[in-house]
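Engineer: Sequence:
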Amino acid sequence: MEELHNFFNTISPIEESTWLAVKSVFREYSLKKGDYFVKSGDTATKVGFLKRGVIRAFYRNNEGSEYNKHFFVQNNMVGGYSSLVSQQPNKINQQALTDCELLIGDYKKITALLNQHQDLERLLRKIAEGYFVDKEKREVEIVLLDANKRYAIFQKEYPLLEQLIPQYQIASYLGITPTQLSRIRSQK
155 MEELHNFFNT
165 ISPIEESTWL
175 AVKSVFREYS
185 LKKGDYFVKS
195 GDTATKVGFL
205 KRGVIRAFYR
215 NNEGSEYNKH
225 FFVQNNMVGG
235 YSSLVSQQPN
245 KINQQALTDC
255 ELLIGDYKKI
265 TALLNQHQDL
275 ERLLRKIAEG
285 YFVDKEKREV
295 EIVLLDANKR
305 YAIFQKEYPL
315 LEQLIPQYQI
325 ASYLGITPTQ
335 LSRIRSQK
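Residue numbering for the sequence shown follows this note's numbering, starting at 155 and increasing by one per position.
Incorrect hints may have been included.
[Unchecked claim] Simulated crosslink set (DSS-like; lysine-lysine; CA at most 27 angstroms straight-line): (1) Lys-263 with Lys-310; (2) Lys-177 with Lys-262; (3) Lys-263 with Lys-193; (4) Lys-291 with Lys-263; (5) Lys-205 with Lys-193; (6) Lys-193 with Lys-280; (7) Lys-245 with Lys-289; (8) Lys-280 with Lys-223; (9) Lys-291 with Lys-177; (10) Lys-263 with Lys-245; (11) Lys-193 with Lys-291; (12) Lys-205 with Lys-223; (13) Lys-310 with Lys-289; (14) Lys-310 with Lys-262; (15) Lys-186 with Lys-205; (16) Lys-263 with Lys-205; (17) Lys-310 with Lys-291; (18) Lys-245 with Lys-262; (19) Lys-205 with Lys-291; (20) Lys-177 with Lys-263; (21) Lys-291 with Lys-280; (22) Lys-205 with Lys-310; (23) Lys-289 with Lys-262; (24) Lys-280 with Lys-262; (25) Lys-245 with Lys-223; (26) Lys-186 with Lys-280; (27) Lys-303 with Lys-291; (28) Lys-245 with Lys-291; (29) Lys-262 with Lys-303; (30) Lys-280 with Lys-187; (31) Lys-289 with Lys-303; (32) Lys-193 with Lys-223; (33) Lys-303 with Lys-177; (34) Lys-177 with Lys-310.
Note that these hints are calculated values from the structure, not bench results.
Since we're looking at a predicted model, the values are computed, not measured.
All chains, full assembly: derive it from the sequences and hints.
Structural biologist: Written as C-alpha cells, this is what we have:
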C-alpha cells in the first residue's frame, strides 16, 4: 500500500489519520491480460490504483470498431469516473493489456470519509482536476496535431509502452491505422 500512499502525498499530502481510514477500504486485486476493470453498460462501483501493468480505456461503436482513449500505466488511478459520480452506466471499457496488480477500493466507502477528512476531499479534487486537464490536452492533440506530432507525444508520455503492447493498440490511440503508424516509425 506504500505506493498508493506515496502517490497521494505527491498530489496533496494527507494526514496519517486520513491515510489509515483510506487504507482500510482498499484491497489487493489482480487482472489477467484481457480482463476488464470496468465494462461499458455497467455502473462503476470501485476505483483502482494500478501498481503494475497496462490498462486501456476504449470505446466500441455499434459496428464493433474500437477506439483507444487512454492508457493507464503504473502508479495511476483507474475507474469509470463519470459512472462513479453520476451512478449511470459506464460508456467506456477499461481492459488489461498485460497482467495487472491493483489496489481497489469501494467508491461509496471512500466518499463516506470526505466529511471527516477535508484533506481527502482536497486530494480527490486535485486528482479530478489533473484528469480533466489531461483529457482537454488529449482532445486538443487529436484535433490540432498531425499523426507525427501525436506519435512523438505518445513516445514521450509512455516511453516503455511500445515494448509492452501491440502496434494496433497504439495506432488506435493515435487515431490512425497500423499501416500509417508503421510508416511514421520507419521515418524515425
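Engineer: Would you mind marking each hint as holding or not holding in the structure?
Structural biologist: Status of the hints after comparison with the structure:
Straight-line distance between C-alpha atoms of Lys-263 and Lys-310 comes to about 36 angstroms, which puts the hinted pair past the 27 angstroms bound. Our distance criterion of 27 angstroms between C-alpha atoms is met by Lys-177 and Lys-262, whose separation comes to about 14 angstroms. Restraint check: the Cα-Cα separation between Lys-263 and Lys-193 comes to about 21 angstroms, which is no more than 27 angstroms; the hinted pair holds. Between the alpha carbons of Lys-291 and Lys-263 the distance comes to roughly 31 angstroms, so the proposed pair goes past 27 angstroms and is violated.
At roughly 20 angstroms between alpha-carbon atoms, Lys-205 and Lys-193 fall within 27 angstroms of each other, so this suggested pair holds. Distance restraint check for Lys-193 and Lys-280: the Cα-Cα separation of roughly 25 angstroms lies within the 27 angstroms cut-off, and the hinted pair is therefore satisfied. The suggested pairing of Lys-245 with Lys-289 holds, with an alpha-carbon distance near 16 angstroms, which does not exceed 27 angstroms. The suggested pairing of Lys-280 with Lys-223 holds, with an alpha-carbon distance near 21 angstroms, which does not exceed 27 angstroms.
Of the supplied pair hints, the one linking Lys-291 and Lys-177 is violated, its CA atoms being roughly 32 angstroms apart against a limit of 27 angstroms. This hinted pair checks out: Lys-263 and Lys-245 have alpha carbons roughly 23 angstroms apart, not beyond 27 angstroms. Between Lys-193 and Lys-291, the direct Cα distance comes to roughly 25 angstroms. Compliance with the 27 angstroms bound is thereby established for this hinted pair. Note on Lys-205 and Lys-223: the hinted pairing holds, with a Cα-Cα distance of about 20 angstroms set against a maximum of 27 angstroms.
Between the alpha carbons of Lys-310 and Lys-289 the distance comes to roughly 17 angstroms, so the proposed pair stays at or under 27 angstroms and holds. As the CA atoms of Lys-310 and Lys-262 are separated by approximately 35 angstroms, the hinted pair breaks the 27 angstroms bound. About 14 angstroms separates the Cα atoms of Lys-186 and Lys-205, which keeps this hinted pair within 27 angstroms; it holds. A distance of roughly 21 angstroms separates the Cα atoms of Lys-263 and Lys-205; the hinted pair therefore holds under the 27 angstroms criterion.
Only pairs whose Cα atoms come within 27 angstroms are accepted, and Lys-310 paired with Lys-291 is accepted, the gap being roughly 14 angstroms. Restraint check for Lys-245 and Lys-262: the C-alpha separation of about 20 angstroms stays at or below 27 angstroms, so the hint holds. Distance check on the hinted pair: Lys-205 and Lys-291 sit about 25 angstroms apart at the alpha-carbon level, within 27 angstroms; holds. At roughly 11 angstroms between alpha-carbon atoms, Lys-177 and Lys-263 fall within 27 angstroms of each other, so this suggested pair holds.
Straight-line distance between C-alpha atoms of Lys-291 and Lys-280 comes to about 16 angstroms, which keeps the hinted pair within the 27 angstroms bound. Taking the CA atoms of Lys-205 and Lys-310, the gap is about 21 angstroms. The hint holds against a cut of 27 angstroms. For the proposed pair Lys-289 and Lys-262, the alpha carbon gap of about 24 angstroms is at most 27 angstroms, so the pair holds. Proposed proximity of Lys-280 and Lys-262 is supported: the alpha carbons are some 19 angstroms apart, at most 27 angstroms.
Distance hint between Lys-245 and Lys-223 is fulfilled; the C-alpha atoms sit about 12 angstroms from each other, no more than 27 angstroms. Proximity of Lys-186 to Lys-280 is assessed by CA-CA distance (about 30 angstroms); at most 27 angstroms being required, the pair is judged violated. Our distance criterion of 27 angstroms between C-alpha atoms is met by Lys-303 and Lys-291, whose separation comes to about 13 angstroms. For the suggested pair Lys-245 and Lys-291, the alpha carbons sit about 20 angstroms apart, so the restraint of at most 27 angstroms is met.
The suggested pairing of Lys-262 with Lys-303 is violated, with an alpha-carbon distance near 40 angstroms, which exceeds 27 angstroms. Of the pairs offered as hints, the one joining Lys-280 and Lys-187 is violated, with about 30 angstroms between alpha carbons and a cut-off of 27 angstroms exceeded. Only pairs whose Cα atoms come within 27 angstroms are accepted, and Lys-289 paired with Lys-303 is accepted, the gap being roughly 17 angstroms. In summary, the hint linking Lys-193 to Lys-223 is supported, as the alpha carbons are separated by about 14 angstroms, within the 27 angstroms threshold.
Under the criterion of a C-alpha separation no larger than 27 angstroms, the hint pairing Lys-303 with Lys-177 is inconsistent with the structure, at around 40 angstroms. Restraint check: the Cα-Cα separation between Lys-177 and Lys-310 comes to about 32 angstroms, which exceeds 27 angstroms; the hinted pair is violated.
Hints 1, 4, 9, 14, 26, 29, 30, 33, 34 from the list above are not met by this structure, while the remaining hints are.
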